[in-house]
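My request is simple: use the sequences and hints to build the entire structure.
Residue numbers (our numbering), protein chains in the order written: chain B, 1 to 209; chain H, 1 to 209; chain L, 1 to 209; chain C, 1 to 209; chain Y, 1 to 209; chain Z, 1 to 209.
Source of the hints: derived by calculation from the structure; they are not laboratory data.
Copies of the same chain are indistinguishable here, so a pair counts whether it falls within one copy or spans any two.
For lysine to any residue, the following SDA-like pairs were computed, each having C-alpha atoms within a straight-line distance of at most 20 Å:
| hint | residue 1 | residue 2 |
| --- | --- | --- |
| 1 | LYS168 | GLN182 |
| 2 | LYS113 | PHE103 |
| 3 | LYS113 | GLU49 |
| 4 | LYS156 | ILE108 |
| 5 | LYS156 | VAL189 |
| 6 | LYS50 | HIS4 |
| 7 | LYS113 | GLY52 |
| 8 | LYS156 | ILE197 |
| 9 | LYS50 | VAL177 |
Fair warning: this is a prediction, and the values are worked out from it, not measured in the lab.
There are 6 protein chains.
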Amino acid sequence: MGIHTYFRSLNDLERIIRCPGKFKFEEHSVAAHSWKVVQYAKTLADIEEKHGVTVDWKKLYEITSSHDYGEIFIGDIKTPVKHYSLELRSMLQKVEEGMVEHFIEGNIPEEFKPIFRRQLREGKDQSVEGLILEVADKLDQVYEAFAELQRGNSEKEFVVMYRNALVKIKNIRLHCVDYFLQNILPDIVNDGMSSTIDIKSITEEALAL
Amino acid sequence: MGIHTYFRSLNDLERIIRCPGKFKFEEHSVAAHSWKVVQYAKTLADIEEKHGVTVDWKKLYEITSSHDYGEIFIGDIKTPVKHYSLELRSMLQKVEEGMVEHFIEGNIPEEFKPIFRRQLREGKDQSVEGLILEVADKLDQVYEAFAELQRGNSEKEFVVMYRNALVKIKNIRLHCVDYFLQNILPDIVNDGMSSTIDIKSITEEALAL
Amino acid sequence: MGIHTYFRSLNDLERIIRCPGKFKFEEHSVAAHSWKVVQYAKTLADIEEKHGVTVDWKKLYEITSSHDYGEIFIGDIKTPVKHYSLELRSMLQKVEEGMVEHFIEGNIPEEFKPIFRRQLREGKDQSVEGLILEVADKLDQVYEAFAELQRGNSEKEFVVMYRNALVKIKNIRLHCVDYFLQNILPDIVNDGMSSTIDIKSITEEALAL
Amino acid sequence: MGIHTYFRSLNDLERIIRCPGKFKFEEHSVAAHSWKVVQYAKTLADIEEKHGVTVDWKKLYEITSSHDYGEIFIGDIKTPVKHYSLELRSMLQKVEEGMVEHFIEGNIPEEFKPIFRRQLREGKDQSVEGLILEVADKLDQVYEAFAELQRGNSEKEFVVMYRNALVKIKNIRLHCVDYFLQNILPDIVNDGMSSTIDIKSITEEALAL
Amino acid sequence: MGIHTYFRSLNDLERIIRCPGKFKFEEHSVAAHSWKVVQYAKTLADIEEKHGVTVDWKKLYEITSSHDYGEIFIGDIKTPVKHYSLELRSMLQKVEEGMVEHFIEGNIPEEFKPIFRRQLREGKDQSVEGLILEVADKLDQVYEAFAELQRGNSEKEFVVMYRNALVKIKNIRLHCVDYFLQNILPDIVNDGMSSTIDIKSITEEALAL
Amino acid sequence: MGIHTYFRSLNDLERIIRCPGKFKFEEHSVAAHSWKVVQYAKTLADIEEKHGVTVDWKKLYEITSSHDYGEIFIGDIKTPVKHYSLELRSMLQKVEEGMVEHFIEGNIPEEFKPIFRRQLREGKDQSVEGLILEVADKLDQVYEAFAELQRGNSEKEFVVMYRNALVKIKNIRLHCVDYFLQNILPDIVNDGMSSTIDIKSITEEALAL
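As structure tokens, this is what we get:
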């Protein structure tokens, strides 16, 4: 009961492993993923600002850092389920939101409830900050999958993850997406040239979609 | 495509960790849990047979060994969700069953489909075998939680798990439950006397419910 | 003392790692291996039944689930020793059997002793069930070694394990072996085509022996 | 070369373990620690805002998320060294800063260099944001050490870490520190009552300093 | 074939875990154990030299560093087996020695064979160096078991290991044993005073035997 | 205080991982590394003796077994720092030496201080023993990096480590270096032929420097 319960619960996300069940050479916790998303988003927002876009840093801070907090309750299961059925995905999202609300109701002091409801909401709306979060979140899928492919992991899961994340990113209209496609993605592809898996072709195919 | 896909998928359950997110001194995979349930169930069924009960060993084999196969798709998330809401629990079960059916439909050869549909069904019905599975499954929660309590793990989660599993077991009318309560549980409690957590009281309180 | 001691000891097999000392990308506990053997055997027995063979499911249950229980006492060491000398192998087997008997004598209640002696015996006899266990046990070596080869593990150990297990399987006269050779093994080989190790040639060479 | 090199390097901080060499029941990566600091700082800043203090969220974002990036180069070694000698500590800090500058110079595109120099600077100045970072960073030491003490870890290291972090926090004049001392710390102490280590006394002693 | 095969095999002992199957808060590889034995033996030999005893450092070097090399072949299984039966223990030792000889015969160049046969022999004879090795080896059991007891591990295994190792040490007539009993063991006991397990009584009981 | 503090501290080096932060398929502790260096040095010294060189085994024992003890205090950070600047490297070495002296001063009994000062000194001087230590230490870098390259790890770090260690070794004038270059290195290269990384070329390039 109280902020202590919330602060202590953060530790749980260090023990929730992303993409559970699949073989990977390196595991990633939701906590570490969340930090990388915060970091990517910061640089992506810097690029937007360079192009004169105004960024609401408080909002960006709130939605990137907490975007996966709800996984404390149901784990990291959305990706495979999403591939299976949109209806099931929305059912799971309702469960997650219900448990987050249940947690706030039962643990957060009255004066903080509105703040926590805002921070732990789904942040991926159509605002600049919401779109940056979407790009940053997918960017981490790109990097996670890329590292596995580069080391020769042949689980289909990671080819699908890499490709789908790229397709998602390239369809978002942000200056930072342009920068990514022109300046970062070529370095990624180049970095993966020695892999036994043909990352270049997978990338080109995804961009052509 | 084919039995190979199914056989290979078993490996995934070695990587799904039970009770994810909670601190524990020792982790357990769904695969290892499944094996222990198979073992407990065998001895529990032996006890039933000693009392003249007829056991359908083929059915017992099928339902114990596969009882958590569906966790390949959505992970080990039912316990905390169940504590939260029965409605949500039933939603999740539908997702799991949908994905199991989807897997059978897409991967299992036609001639094996009826067998797999039977084996991967929920096995906890009111038959002797279904009840033995329920006892064996809860028994592993008793042992998992007990080992954490004995080592001084003070996460409330494990007190709740230990107690709830005991309550569930004691309300099942089987000869093996009597044997467990009279011959096994006292040894468990005795084994835990040196713990900093008062396992004896927790046990007595659960039995009194 | 008592069934509790036996139930609790099962946990030990979650900590015994198969093929200790050798580098592998993924480790497997004896508990997880035992569960996979139980699962393979179930499907293998289903295939036998489809061909009109009668399967004693109770016996199959007993011998598959407990077939490596004795490794609690001396660990997973038989394979490299077996390669070295058959005499040494038989010495080790005697040690293991001696310690299993010692455990039963000292811990299992009188009324259960005959049951445990039967269940913890070596199950690989010439009955259908004994042969199915042999195939299922070797099948897990095939899958364990295959996964390492597929990921590029060049330790000779795994080529030898894969090949020897295949040779052993193909010489057993069961309907399920025919099914494996015609319907499952080709999918395995196909699955491994992207590996830097030539799994196809290793397989063909083994089958030609 | 380029932002890719920076983005990819973030992964390294998932592999740097805090407080290396000391026994702990649970390890924490610098990446996970960084995320928790981001989260604490957000709530601490919310408390400041409730008291009418203006928070520069962009600055807070930058300094909290990157505050340990330099550990990529020299690891997490400052604490024990600091205890030993302030001079040595300042030598190490210079090494770290030199390597960060070297990294920016060699990898970050010209147009981003000023941004990265600002973001990867030491952020713990006397501004509200700098002080919030200091509190948040120490708060994670409190939680890390607390969890070890609660589980019975008797390494002196963690008593020292817990106490020193508390002393540091209580001497910082911020509204959120008052809130922490009055509303959060009592819950922490209460949470630790079942431990074999007397966390309450250690806490009271630290507060009395 | 050749020294390369031997050098590379050393890596295997980093993957063989001591006391496999038993729960422990911290695992130890045979490689790390071997290094600690080398270190203890060095200080123990220093103590002997202070008392005027002549130490053959080359012999001490050879026997301490290689004393568990044979575990590459059969793992760390002697302790529980030894507790069970001396006859079985001697059978296992023969297996180990047979496999070491087999390894030397098949891999070590002719000119090095006598050296390797000497170095990989059982070193625990009645010479000063052999006795120092025995003390150092048991001392690591004392420290391994002590650390588990201190953290509250209640597996009987570690009480037995701690006690038996102490009894073994105190019966060896060396100056360094006197030093250990008078100057080191009291510090160990004192270090363990906060444990929930009564290490002091266990120690006193062992010394009284 | 006392030898107990020193003996117990050895355990810390089992938890310090070499080359922290970089991705590797297999981690190595400083303790395990130290043991392998002890083992390599023994065989290298045997080769020197075969050529009539006199080896001081006591000195060799002391300097090889303790050569990385100082990493208890500052971890395994020298390699990347060294690549960056020789001045920074020497600063770090002073920190390490300062902390070792501080440890001896505060913990080691008066009568042992001279012994510990000698043993925990930097051992890599121009004596035969100092040179053998240097070769053995670099040899472990060769083997560590080789194993990663062989398994397809494409982190530049390991190519650099392998090459630099080889260059360092080949410039040391010892009989055992000749033996290594003529008899061991060819076996290493041959062992790595199946890797996706061209170890042979990297080796030849290094030898040509």
